[in-house]
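Engineer: Sequence:
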Amino acid sequence: MRLWLARRGTASERAPHGCQPPEMARILTDCAFDAATIANNHMYDFGPEALLDTRALLEKKGIAVTGAGKNLDEARKPAVVERNGIKVGFLGYCSVIPPGGEAGPDKVGIAPLRVRTYYDGCTALSGTTPIRTRSTLCCLTARTQSEACSPKQSSKRTA
Numbered sequence: 006m007r008l009w010l011a012r013r014g015t016a017s018e019r020a021p022h023g024c025q026p027p028e029m030a031r032i033l034t035d036c037a038f039d040a041a042t043i044a045n046n047h048m049y050d051f052g053p054e055a056l057l058d059t060r061a062l063l064e065k066k067g068i069a070v071t072g073a074g075k076n077l078d079e080a081r082k083p084a085v086v087e088r089n090g091i092k093v094g095f096l097g098y099c100s101v102i103p104p105g106g107e108a109g110p111d112k113v114g115i116a117p118l119r120v121r122t123y124y125d126g127c128t129a130l131s132g133t134t135p136i137r138t139r140s141t142l143c144c145l146t147a148r149t150q151s152e153a154c155s156p157k158q159s160s161k162r163t164a
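Sequential numbering from 6 applies to the sequence shown in this note's numbering.
Hints are supplied without guarantee of correctness; some may be wrong.
[Stated by the list, open to error] Calculated pairs, BS3-like style, for lysine-lysine (alpha carbon to alpha carbon, straight line, at most 27 Å):
1. Lys65 with Lys75
2. Lys112 with Lys82
3. Lys66 with Lys92
4. Lys66 with Lys112
5. Lys75 with Lys92
6. Lys82 with Lys66
7. Lys112 with Lys75
8. Lys65 with Lys82
9. Lys92 with Lys65
10. Lys112 with Lys65
Just so you know, the hints here were simulated from the structure itself, not pulled from any lab data.
Please model the entire structure based on the sequences and the hints provided.
Structural biologist: This is the structure in structure tokens:
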């Protein structure tokens, strides 16, 4: 979700548009959103205050949040929603975080993701408690491409 619901914060030069007033959160609850990831490359555009205010407001509205928070543990914490006895866990990560926007042990920020392509031969990295202990199903969202990237010609033909 690229939406800041805050009155605090200062726009950086990366901010494509302004913060929305907190009252805009009603749109999300009216549309029956149960969970949201705020892990994206613009979530830190208005600084840590706007990020924390947005997260707190969504949680206050009953929307489970993942992907950014007051520290790395909170940013990585899954958003779990239960309906009819089925728990769905949502995880949100971003690999195109602006400098200084990544969450740390004692630092507000976005859940970072190191992306390697299939030919790098990487193995699974630890860092997140297995979600299978908390949910029946899992949905992972990852912001992995910069907006400045152009699709390959073959991708344009496919689309």
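Engineer: Each of the hints needs a verdict: does it hold here or not?
Structural biologist: We went through each hint and held it up to the structure:
no.: 1; hint: Lys65 with Lys75; in the structure: holds (16 Å)
no.: 2; hint: Lys112 with Lys82; in the structure: holds (15 Å)
no.: 3; hint: Lys66 with Lys92; in the structure: holds (19 Å)
no.: 4; hint: Lys66 with Lys112; in the structure: holds (24 Å)
no.: 5; hint: Lys75 with Lys92; in the structure: holds (25 Å)
no.: 6; hint: Lys82 with Lys66; in the structure: holds (18 Å)
no.: 7; hint: Lys112 with Lys75; in the structure: holds (6 Å)
no.: 8; hint: Lys65 with Lys82; in the structure: holds (17 Å)
no.: 9; hint: Lys92 with Lys65; in the structure: holds (20 Å)
no.: 10; hint: Lys112 with Lys65; in the structure: holds (22 Å)
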